[in-house]
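The listed protein sequences correspond, in order, to chains A and B. For what it's worth, this note's numbering labels the leading residue of the first sequence as 1, then goes sequentially. For what it's worth, this note's numbering labels the leading residue of the second sequence as 1, then goes sequentially.
These are computed hints drawn from the structure, not numbers from a lab. Cβ coordinates follow ideal geometry from the N, Cα and C atoms, glycine included. Among the clues, some could well be false.
[To be verified] Short derived list, chain A residues pointing at chain B, Cβ under 7 angstroms:
id, residue
1, LYS76
2, PRO78
3, CYS86
4, LEU94
5, ALA106
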Amino acid sequence: MNQMISLRGVEKLYAPGKPALIDVNTEIEQGEFVFLVGHSGSGKSTFIKLLLREIAPTKGQIIVAGQDLSKLKSWKVPYLRRNIGCVFQDFKLLPNKTTYENVAFALEVIGRSRHVIRTQVPEVLRLVGLEEKIGSYPDELSGGEQQRVSIARAFVNRPPLLLADEPTGNLDPATSLGIMSLLNRINKTGTTVLVATHDREMVDSMRKRVIALEGGRVIRDQNRGVYGYGD
Amino acid sequence: MAINFGYFARESITNFRRNWVMSLGAVITIYLSLLLVGISIATGIVVNDVVQSVEEKVTIQIFIKDGASTEDVQALQASLSADSLVAKVNYTSKDDALTKFKEQMADSQEIIDQLEENPLPASLDVELVDPREVSSMVEKIKANELFLVVADRPDAPEESLKYGQQIVDKLFAFTRVIRIIEIVFIAMLAMVSLIFINNTIRLAIYARRKEIGIMRLVGASNWFIRTPFLMEGVIQALIGALLAIGSIIALQAAVIPRLKETLSFLVVELSGGTLMQLSLTLMAAGIFIGLAGSGFALRRYLKV
Numbered sequence: 001m002n003q004m005i006s007l008r009g010v011e012k013l014y015a016p017g018k019p020a021l022i023d024v025n026t027e028i029e030q031g032e033f034v035f036l037v038g039h040s041g042s043g044k045s046t047f048i049k050l051l052l053r054e055i056a057p058t059k060g061q062i063i064v065a066g067q068d069l070s071k072l073k074s075w076k077v078p079y080l081r082r083n084i085g086c087v088f089q090d091f092k093l094l095p096n097k098t099t100y101e102n103v104a105f106a107l108e109v110i111g112r113s114r115h116v117i118r119t120q121v122p123e124v125l126r127l128v129g130l131e132e133k134i135g136s137y138p139d140e141l142s143g144g145e146q147q148r149v150s151i152a153r154a155f156v157n158r159p160p161l162l163l164a165d166e167p168t169g170n171l172d173p174a175t176s177l178g179i180m181s182l183l184n185r186i187n188k189t190g191t192t193v194l195v196a197t198h199d200r201e202m203v204d205s206m207r208k209r210v211i212a213l214e215g216g217r218v219i220r221d222q223n224r225g226v227y228g229y230g231d
Numbered sequence: 001m002a003i004n005f006g007y008f009a010r011e012s013i014t015n016f017r018r019n020w021v022m023s024l025g026a027v028i029t030i031y032l033s034l035l036l037v038g039i040s041i042a043t044g045i046v047v048n049d050v051v052q053s054v055e056e057k058v059t060i061q062i063f064i065k066d067g068a069s070t071e072d073v074q075a076l077q078a079s080l081s082a083d084s085l086v087a088k089v090n091y092t093s094k095d096d097a098l099t100k101f102k103e104q105m106a107d108s109q110e111i112i113d114q115l116e117e118n119p120l121p122a123s124l125d126v127e128l129v130d131p132r133e134v135s136s137m138v139e140k141i142k143a144n145e146l147f148l149v150v151a152d153r154p155d156a157p158e159e160s161l162k163y164g165q166q167i168v169d170k171l172f173a174f175t176r177v178i179r180i181i182e183i184v185f186i187a188m189l190a191m192v193s194l195i196f197i198n199n200t201i202r203l204a205i206y207a208r209r210k211e212i213g214i215m216r217l218v219g220a221s222n223w224f225i226r227t228p229f230l231m232e233g234v235i236q237a238l239i240g241a242l243l244a245i246g247s248i249i250a251l252q253a254a255v256i257p258r259l260k261e262t263l264s265f266l267v268v269e270l271s272g273g274t275l276m277q278l279s280l281t282l283m284a285a286g287i288f289i290g291l292a293g294s295g296f297a298l299r300r301y302l303k304v
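Using the sequences plus the hints, can you model the full thing?
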C-alpha cells in the first residue's frame, strides 16, 4: 500500500528550547483510519498544522499525498490543500451562507464548474444526512448538523486525505458518535482519515490505530488501540 | 476562465453592496485625495504657463543711434542671429517704435500731440532660446565691436541695452520655489491617499478574514482570493477618480474665466488637451493607488 503521510525526524520549535514536537517518525498508509491522541499542549494541533503546511517544521521531512512539503513552493500550497479535507472543532462555516452555499463555496473557490457543483453538493449532503437542511443557515442548525456540513464541505472534493482536529470537541456524546460513524463511513470509501482528539470514549469504542503524543513525542503507536492515559 | 470571471464580478459586486459603508469610505478617500492632487497639478500647470509666458517676455533691446548705417545694423543683426543662445533678432525702426508708442499711449493723446519729432531710437530686439542666459548674452553683446559702432550711446554701453536683469533673477528664484513646493505637495498627498486606502481595504479584508481563512483551507489559490479584493479596490479607485475628474472640470470651468478677467495681462489657460492628460493621469493614479493599497493590505492575510 502507498503511504499517505510520512514524517521523518520531524521537530518543531515555536521558541528556542521549547519544542512542540520532537523527533516524530510516523507513517500512515492510504485508506487507514488513525486517532492522534494526547493532552492539550501535547502537539496534536502542531501535527495537523504541519500536514496542512500552515507551518513548516524546524527539522525533518514531511511527505503528504506524495508531496515533500519542505520542497513545496508556497504558491503550490493551495494545490496540496485540495487533496486534504479539513474539519475543525469550531466548524468554520460562513454564517451568511446556507448549507448548500457553504459546501458549494469549497468547490467554487477551486474553480469547479457549475455543473460539477450542482451534482456533487446534493450528493455529499445526502451522504452526511442533511439533504433536508439544504437551505438552512448555520445558526438554524444544531452543533452536530453544523459539523456534518463542515464534513460535507471537507469531503465534497473527494480528497484522498481527511484531517479532523477535535471534531467532537463541542458536541455531546450521542452526537459525537454520529460524527465518528460518519467519518468511519468516509474512511470506507478509501479516504485516509486522521482524527486528533482527546475524546477517550470515542477512541476506546472505535478500536482503530492510535498514535499517542506526550510533550511533543510519540509515546505509543498501536493498531486497534485505546486512549490509554491514566487520567 | 469564463466561470472564474463571472465569479469575480459577482463577488466584487456583492461585496460592494454588502460592505457599502466601507466601500463608500474608500471611494470618498480616493475622491478627495485625487481631487486635491488634481487641483494642485492643474494649478501647477496654470502657474507654469504664466511663468513661461513671463519668461518669454524677457528680451534684450539694443538701442541704435540715429544715423547708424544700415549695413552695420544688418551686420550686427546677422552676427547676433548666428549665436546659439539667440532665438530671433527683430529690427524695430524709428517709425515702428513711434507707432508702437502711440498705440500704447492711445489713452493719453496729449502726450502724443506734444511730440514734434520722433524721439525714439531704432532698436534690435533679441529673443533668447533660454531666457535664463540673459546675462551671458548681454556680456557677449557688449563685447561685439559692431555693437559699439551702432549703439545709441557708445560712451555708456550699458545705457544702450535694456533687459530686466534684476526682475529676471527674482522671477526664476520664485518659479523654482513654486515648482519644488508643488512636487512636495503632490508627493505628500499621494502618500496620504495610499495610506488611507491601504487602511480602508485592510478593514474590508479584516471584516472578511473568516471567509479568506476558509478559502485558504479548501485550497483556493492566492490569486483567486486576491482578485475580488483587487477588483474592488480598482472599482472604488475608478469611481473616486471619475468623481475627482468631474469636479476638476467643473471647477476650472467656473474659475478660469474669472482668473482670465482679473489677470488679463497674463496667459491663464487650461487647454482641453491638458485637461485630458490630467484626467488620464488621475485615472492611472487612482488605479495604481487602488491596486497598491489592496495589494499591500492583502499580503498580510495571504502568507502561507
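Do the hints match the structure? See the list:
Interface hint at LYS76/A: violated, since its Cβ lies 9 angstroms from the closest Cβ of chain B, which is beyond the 7 angstroms cut-off. Taking 7 angstroms as the C-beta cut-off, the interface hint given for PRO78/A holds, the closest approach to chain B being about 5 angstroms. Nearest Cβ of chain B to the Cβ of CYS86/A: about 5 angstroms, under the 7 angstroms cut. The hint holds. The interface hint given for LEU94/A is met, as the beta carbon of that residue sits about 6 angstroms from the closest beta carbon of chain B, less than 7 angstroms.
At about 4 angstroms, the closest approach between the beta carbon of ALA106/A and any beta carbon in chain B falls short of 7 angstroms, and the interface hint on this residue holds.
The structure does not agree with numbered hint 1 stated previously, though it agrees with all others.
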